[in-house]
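Using the sequences and the accompanying hints, generate a full structural model.
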Amino acid sequence: MPEEEKKDELVHLTIDGIPVEVPPGTLVWAAAQKAGIEIPIYCYHQKMPPLGACRMCFVEIEKMPKPPQTSCTTPVAEGMVVHTKTEKVLKARRGTLEFLLLNHPLDCPICDKAGECDLQDFTLRHGPGNTRFDLHKRHYQKPIPVSEDVLLDRERCILCQRCTRFSSEISMDNGLVMISRGYRMEVGTAPGHAFDSVFSGNTTEICPVGALTASTYRFKARPWELKRTPSVCNNCSVGCNARIDSRVDRVMRLMSRNNDAIDDGWLCNRGRWEFDYVNSPQRLRTPLIRRNGQLTKASWDEAWLFIARRLKEIVSQHGKQAVAGIGSTRTTNEEAYLFQKLLRDVIGTRNVDHHHGSFPGARDQLTGRPWVMTNSIVDIEKASHVVLIASDPYQRQPILNLRIKKALRNGAKIIVINSADTELDRLSALKLTVPEGSEAMAVKVMLKQLLNNAELDLSGHEDVRDSIKREDQAIRAAEDSFGARVTTGLQELADELLSAKGAVILYDEMATRVPGNEHLAANTQLLAVLTKQLDRPGAGVGPLFEDANSLGARDMGLLPDALPGYRTVDEPGLTYDEILSGSQVKALLVMGANPARHLSDGKLPSSLDLLVVQDLLLTETAQQADVVLPAVSFAEKEGSMTNVDHHVQAIRRALRPLPGAKADWEILVGLAGALGETWTYASPRDVLLEIADNNPFYAGLTWEDLGAQGVRIVQEQEVAHV
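Everything in the sequence shown is counted per numbering that gives the first Met the number 0, starting at 0 for the first residue and increasing by one.
Be careful, since some hints might not be right.
As the list claims (entries may be wrong) - Computed spacing ranges between beta-carbons, pair by pair:
no., residue 1, residue 2, range
1, 45, 394, 25 to 35 angstroms
2, 78, 45, 30 to 40 angstroms
3, 8, 113, 36 to 46 angstroms
4, 33, 458, 23 to 33 angstroms
5, 132, 684, 57 to 67 angstroms
6, 113, 597, 20 to 30 angstroms
7, 45, 536, 34 to 44 angstroms
8, 304, 596, 23 to 33 angstroms
9, 658, 394, 35 to 45 angstroms
10, 699, 536, 43 to 53 angstroms
11, 512, 260, 35 to 45 angstroms
12, 600, 360, 25 to 35 angstroms
13, 97, 260, 36 to 46 angstroms
To be verified - Below, simulated DMTMM-like cross-link-like pairs (lysine to aspartate or glutamate); rule was C-alpha separation at most 20 angstroms, straight line:
no., residue 1, residue 2
14, 430, 420
15, 311, 344
16, 412, 168
17, 90, 115
18, 33, 8
19, 46, 263
20, 46, 61
21, 319, 685
Hints were generated in silico from the structure; no laboratory data involved. Backbone N, C-alpha and C define an ideal beta-carbon position, used for all residues, glycine too.
So this is what it looks like as structure tokens:
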């Protein structure tokens, strides 16, 4: 067989007379979908193993016994001939629907799922049109709260088992199970167990009928009233694709929007339901200026001119380095870029930073790369080992937790090194509990063990041996404190990583701020380099960032020691902690951040003569401000954000901006103008073009390139440096 034919091995079959080519292993249902042929389904879901429980997806396959066959459990075969509209198939579907409707209430007009219910749609297209059942239908108490967020109407359930299979196969927490047998079977929670999974909201979305509904959305709107806008979740660094469903300029709900490269089609409860701040009546609607100790309303021009005048006075009196800026990890790339540009180019200060982990420099000295996860999210599925150091994705980056569980189902071993209990402990092959702040030293124990391994190749890193020897006493002390079991576990893990097919080693960026863990990032990076767990499928290392655009903030130069694209600076500015603890700063600009929550007493330095805050709400920091500028949320503006594995994605405006508030980039343009600088940006797209001109990671990137699901950027390119 020619090489090209081997490369493109496809299975050829015919469905309703239409020739179809699909990869081996494809199910008949998926092949029909590719050909544009609808086969109704209830129990089948593309992200879960087939079950064949609902018997709705019947087809007739020539030369196969006992027709009709279920298309969701039958893989394609070469030369297969499939019929989806024979009388036998149609009769079987009508029969299935008739049985499903025996006890199902026929009250679609008041059902919360009406308008997006598969049972409603398929009954119209494939059902019998009448019923022979003339007895009383079954009734239950309704609704039953299976959790604080999810309600169950048992009489609507068609026992498709999507929800219980999600709980067992995907989230692997068995939150929902099937109870009883026969006609008494129903969905519920196991005795003594609660449905408290952070992924529970997915069951309301995959439920094909109105059985499981979300308490936050139930009876709030009809689907045909909703405006649907593709966007990205703003609640953690994974950057799950979401669809914003809005009505009359209010966010009603967020739904998943499948992106296999990032979220695999799922949303966590935080991403699905924590958007109250967007609709909050406490949103700021006008600029505020502190007069006589009170924040009073002002116009935008008043606010901009007031800030410009006070900044000029402070610079004249104390110098440019008396001004500092703290940026946000949840605003867009374009806004982060303009913020640092305002501070550096317009005001002339180098004091720019944001709240982030402790990293030795803007780039890792071993590889020359920025501090970023070197593997993609999808690579986690291919790993033979997933090592989590001082991290708990279930709480911090929930959808990554599902990806790790997917790796587990593919045969990966999970190893957890942490001071606290985590959700993945129960599934781990090895859990090593160490004191808080000693995770960095635990990695040092592994590095020491590697040096004793004859298979280790130290080429190019000969200085490591001397470095570890200098710390031998501290490492021995750590081993004593860990105990024999943990120390042996760390040593065996080090040897195992050296020969592992592919290991992904991850740590939480904020763990590096814990006393004792200052070198966690550098130690972990060295571990990956020495074990050669870089630049191959299923291997990688890096930090798990905190917020939606934590990595974007770094890329855009919200760092005291790096310009956009991690270009070096002549002289570093003050760090985040130095800005908030010293008396050198007299004017502080804060965009979309709340640094007061990181101070023990919640009070910003009294040495500040001017504090300007851009935010949605009157946060603890904004309450202390001299000027507060009302900003808009991610649902009210456009821009790009960069997720944990360097996917750059677009957020799109779903709501009209709140009257009186402005997008952060508009606020910055206005402030630059008040300071005498003319910025001609008409939209975030113009800013992105400028970023692409001088940031080597974003070189050549345009808004159109982002498309519906973004692009992953992994290499630096030559740029103009305009």
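Okay, the hints, checked on the actual structure:
For the pair residue 45 and residue 394, the supplied restraint of 25 to 35 angstroms holds, since their beta-carbon distance comes to about 28 angstroms. Residue 78 and residue 45 have their C-beta atoms about 25 angstroms apart, which leaves the hinted 30 to 40 angstroms range violated. Roughly 45 angstroms separates the CB atoms of residue 8 and residue 113, a value that falls within the hinted 36 to 46 angstroms. Separation of residue 33 from residue 458 is about 49 angstroms and departs from the stated range, judged on CB atoms against 23 to 33 angstroms.
A C-beta distance of roughly 58 angstroms is found between residue 132 and residue 684, which places it inside the suggested range of 57 to 67 angstroms. Roughly 47 angstroms separates the CB atoms of residue 113 and residue 597, a value that falls outside the hinted 20 to 30 angstroms. Evaluation of the 34 to 44 angstroms hint for residue 45 and residue 536 yields a failure: the beta carbon distance comes to about 23 angstroms. Residue 304 and residue 596 have their C-beta atoms about 30 angstroms apart, which keeps the hinted 23 to 33 angstroms range intact.
Checked against the hint of 35 to 45 angstroms, the pair residue 658 and residue 394 passes, with Cβ atoms roughly 37 angstroms apart. For the pair residue 699 and residue 536, the beta carbons lie near 26 angstroms from each other, so the given range of 43 to 53 angstroms is not met. For residue 512 and residue 260, the Cβ-Cβ distance of about 30 angstroms falls outside the hinted range of 35 to 45 angstroms, so the restraint is violated. Range check, residue 600 to residue 360: Cβ separation about 31 angstroms, and the 25 to 35 angstroms hint holds.
Separated by about 42 angstroms at the C-beta atoms, residue 97 and residue 260 satisfy the suggested range of 36 to 46 angstroms. About 9 angstroms separates the Cα atoms of residue 430 and residue 420, which keeps this hinted pair within 20 angstroms; it holds. Taking the CA atoms of residue 311 and residue 344, the gap is near 15 angstroms; set against the 20 angstroms cutoff, the hint holds. A threshold of 20 angstroms between alpha carbons decides the hint, and for residue 412 with residue 168 the separation of about 17 angstroms falls inside it, so the pair holds.
A hinted pair counts as satisfied when its Cα atoms are at most 20 angstroms apart, and residue 90 with residue 115 does not qualify at roughly 25 angstroms. Restraint check: the Cα-Cα separation between residue 33 and residue 8 comes to about 17 angstroms, which is no more than 20 angstroms; the hinted pair holds. Distance check on the hinted pair: residue 46 and residue 263 sit about 8 angstroms apart at the alpha-carbon level, within 20 angstroms; holds. Simply put, residue 46 and residue 61 have alpha-carbon atoms about 28 angstroms apart, too far for the 20 angstroms limit, and the pair is violated.
Of the pairs offered as hints, the one joining residue 319 and residue 685 is violated, with about 28 angstroms between alpha carbons and a cut-off of 20 angstroms exceeded.
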